[in-house]
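First to last, the protein sequences are chains A, B, C and D.
Heads up: the first sequence begins at 1 in this note's numbering, then just goes up one per residue.
Heads up: the second sequence begins at 1 in this note's numbering, then just goes up one per residue.
Heads up: the third sequence begins at 1 in this note's numbering, then just goes up one per residue.
Heads up: the fourth sequence begins at 1 in this note's numbering, then just goes up one per residue.
Hint data in this document are derived by calculation from the structure and do not stem from the laboratory.
It cannot be assumed that every hint is accurate.
The list makes no distinction among identical chains, and a pair is therefore deemed to hold if it is satisfied within one copy or across any two copies.
Computed list of lysine to aspartate or glutamate pairs in EDC-like fashion (alpha-carbon distance at most 16 Å, straight line) [unchecked claim]:
1. 42 / 62
2. 237 / 142
3. 103 / 38
4 protein chains.
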Amino acid sequence: MALRGVLRLGEVCIRVLDMAAARRHYGDHLGLHEVMTDAEGKVYFKAWDEHDHHSIVLNPSDRAGMDHFAFKVYDDATLTALAPRIEAFGLPVTHIAAGIYPKSGRRLQFVLPSGHTMHLYAEKEQIGNTLGTLNPGTTPDEGVIRGLRINRLDHTLLGGVNIDENARLFQEVFDFDLTERLIETESGMSLALFVSCSTKPHDIAFVLQPVPNRFHHVSFLLESVNDLVHAADMIGKHRIPVEVSPNRHGITRGATIYFFDPSGNRNEVFAGGYVHYPDTPTLTWNTDDLGHAQFAQDNTPRESFLTVLT
Amino acid sequence: MALRGVLRLGEVCIRVLDMAAARRHYGDHLGLHEVMTDAEGKVYFKAWDEHDHHSIVLNPSDRAGMDHFAFKVYDDATLTALAPRIEAFGLPVTHIAAGIYPKSGRRLQFVLPSGHTMHLYAEKEQIGNTLGTLNPGTTPDEGVIRGLRINRLDHTLLGGVNIDENARLFQEVFDFDLTERLIETESGMSLALFVSCSTKPHDIAFVLQPVPNRFHHVSFLLESVNDLVHAADMIGKHRIPVEVSPNRHGITRGATIYFFDPSGNRNEVFAGGYVHYPDTPTLTWNTDDLGHAQFAQDNTPRESFLTVLT
Amino acid sequence: MALRGVLRLGEVCIRVLDMAAARRHYGDHLGLHEVMTDAEGKVYFKAWDEHDHHSIVLNPSDRAGMDHFAFKVYDDATLTALAPRIEAFGLPVTHIAAGIYPKSGRRLQFVLPSGHTMHLYAEKEQIGNTLGTLNPGTTPDEGVIRGLRINRLDHTLLGGVNIDENARLFQEVFDFDLTERLIETESGMSLALFVSCSTKPHDIAFVLQPVPNRFHHVSFLLESVNDLVHAADMIGKHRIPVEVSPNRHGITRGATIYFFDPSGNRNEVFAGGYVHYPDTPTLTWNTDDLGHAQFAQDNTPRESFLTVLT
Amino acid sequence: MALRGVLRLGEVCIRVLDMAAARRHYGDHLGLHEVMTDAEGKVYFKAWDEHDHHSIVLNPSDRAGMDHFAFKVYDDATLTALAPRIEAFGLPVTHIAAGIYPKSGRRLQFVLPSGHTMHLYAEKEQIGNTLGTLNPGTTPDEGVIRGLRINRLDHTLLGGVNIDENARLFQEVFDFDLTERLIETESGMSLALFVSCSTKPHDIAFVLQPVPNRFHHVSFLLESVNDLVHAADMIGKHRIPVEVSPNRHGITRGATIYFFDPSGNRNEVFAGGYVHYPDTPTLTWNTDDLGHAQFAQDNTPRESFLTVLT
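Please model the entire structure based on the sequences and the hints provided.
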């Protein structure tokens, strides 16, 4: 009990069209740390304050989008326990042996009702955050925190069909809480659903799309709105295409910037948001207040935000 | 010497269409302190950390815009010295006796080459910032800093014709420095000019418009980008119409939000910007980099920004 | 799984010598919201962004200190499951019926190896955070966030004997993680132990003392170091006795201020700290680096910090 | 007029005992940019956002302290005008030819009533802030802002005798304003005097000491309290001796950290403070409120603060 079972989003594998441009974006500009290139040409990155070997994988491809995402679970017994529950929910599970994915223990792989490929794993090699574990201090050496000053991979937003079924899977099988939902006022139809397995306002979210398996964005955690403003300055300096300059989501209360990688995949930097607990009431937003739900500092919905996905 | 002569923008008189709505905006929402209503129905406000009686005057009218703005000068001798210099520049000066403008000493009034009415005054009644002058402490009582947490009136941007002449007046007669200019790349024509009499990156600025005497915005000083984000939250909460949510100007390096009062007059909250001195080189921006000059965090010029004035 | 079982510190009951002074401190100065006085004269407070009815209880007494603290658990079944496990650990459990503690469901009560009285409960009346649950917005009305701008009750630090046994209880019975420990370099003896049931660097901690059942401090969560500086300004304005002005703990990486309530009970405001997960390595500090472990911005241990408790 | 005459503190020449340690401190740890070593072994530094060639000079010596400080004035005519006024005040002026001080135009040198050597100069070679002057952008390349993220040299505090005479010189001859003063309550004797030639709450200050020509501290400007907290983290990481961890002065309202260079010279990083104008009332603090005057976040005077000088 306490925080156990499914822990966090631990890996997002993103398809990129031009690896040189992508490395410049995720490495030089975002400031993630490149840790490995594998035999297939995939390039692996971690954020400075993560302990695991990597959290972002760039896969060279001829189309943008997301290959898979993966949640880390507490231990191998969790994997063993979850596999039959996922299958009982109706999703066939593929068992992937340890080492197939580099630095990673065995994985469960399955396809969400929304069409996305999800992994669960319990083990990944840890390389630490440069501070060590004995008298670690608080502050890494100059240059470790760089670029957009990203601390961690935070969450992902997936676009697809059957998002109510996605949310039901995460709630019933993975014990996530439904923290917020955006519904169409008249019909009550779910337009977006936000679920959490921690004290964060969301660990993953789903937005309704007419087609399955679309990638809306991957989001990175910043320490404060001060770092968000710094990130905005660096994004502007590097002429990174921006969709939404600094704002705050009504949903999650998190401060945000949306921008695109050179392949057109959407990125977010995110700071703040309320502290969620399982007994926090689920918040409902309807389309009467769509602007405030999306971007609460100017109440202006961005059309691209619901239509541009990879 | 040191900081003497013309000191700062001390007063902006804004025309408003609906005084009840305007008081709610400038008082309840912005958090300025209402200090007086005069016999003509004008309503006077001050920001909390200003010592003078008022800095914003709302004038009930059937059209939006600015009636006049006023700079405070060091002393009466400065007024005496400046009057003939202004006239020598070619601008007739009207002498307004003390008391005609409430709480104010005598004024010089003249019309800028851009068509705007400007005042100079040396005296205004001081009512202080609530902290007193003996062992004042650092922090006013709860409720004194409120709304958007505005510290002071900061600057104004005027739209009009002959802006080069305006800048020449401020430089030659008032000893301001030209801190920055935005020019059309090919022709070199001045599109916007920024001048300072202090260490601020601008105390007033002028933007070229096809017609004289247009009001672009009045700007209020916040302490930090943290307060800017707070201001954005409050602006969004009160559903104030926003033109540009948090961003940073390339010109001045100041962090900014633009929004409108209920009459359509543009307001800005502003934080930061570099420290200017008279020996700081003048910075030039051209239209090749217009987006970054205007809004450096997304490099996106806003068309309304150059066309919507009151 | 996910975040389940024992959720968070939900209540601290503090003894105060002078209720009028205590209400001024916790209400007017800290800005907690007073919600109730009960028949025994206990006064109840909540922080603005908590949903439950109260988190701080002030108990009029002739000596300072803590009466009890309580953790909220996920549901009644958790209580049922934990009772025999606590007894199996060797601690007799008293069952307290619903309603004995106001607004609260049934409780388990037991005494920690360190001598402190702890409660577990699954239900407390919810009164919300003023934002509602339908289109809630992001920002409460002016005046709701006030005083030190405290968001939530965060954690408590208890001083006593047998702290290794305390930590073992929290790890083995309540599934907390040992996030950090401070040991004497030569002997390896535990001087302080920090445990978490969430992604916080600690939900409760224990510091070795020669006598049982001492209260070191209760800590309140602020949103950012900016709010920490604001809190420091307000603490200074109200002449609240300060033990440690703004600093950062090496342990937890949290930014901190320590001060005392009028009865001499220590309070902390806290911001930041790293994101903990169960797979984050336990960090060890030894007395070779005691200053940095305690106060990493000046590396100066405060003697009072380890000797003044209530 | 406007900001003319004496502009700002432009140079402080500090004696250091161990140049290698001093370069590590001012260069690597503070993050100032080393720009030159001269034939005498003096090492020159600038802060990133200054345009002039240098602002800090380290002079190898066998005792700590300050050799001289220098203010930059508007132009050569200002020097010409000030020389006889300084002599009329009673201070002999030495004329130092251009080039004697590297990269510098001619200087006036004289000794203050407090015993300190002061220079005035109008010209210093400008090397810029790395951003250029055409479409400069807002943000320098990664690594330019580093260490403590210092923007500029801000002010200096000198300890000595006759500080009332110092203040009179700065007010009567240099047109500074007396912004604040700390007096002994009973006698009214000046203990510290703060004067400004700009909108800063002080450009230089004087603290009464029983002996002349003592150096209290040199202060560097940070952009925000957020950067102050970052600076504190770096100061702690590098185990720099700290006198006062983050706090806020009552006097000036500036946020502050005091620490020592390896030779024992006191440094400060400073952020914020109110906006001063010549018509801002002079603030008076007396020794009844000495703690709040000095350190308003804990109201605790530090004895070393008034007794340790170099």
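Structure-based check of all given hints:
Taking the closest pair of Cα atoms, residue 42 and residue 62 come within 16 Å of each other only inside a single copy of the chain (14 Å); across copies the shortest separation is 58 Å, beyond that limit. In this homomeric assembly, residue 237 and residue 142 come within 16 Å of each other (Cα to Cα) only across copies, at 11 Å, whereas the closest approach inside a single copy is 21 Å. With identical chains, the CA atoms of residue 103 and residue 38 are at most 16 Å apart within one copy only, with a shortest distance of 11 Å there and 54 Å across copies.
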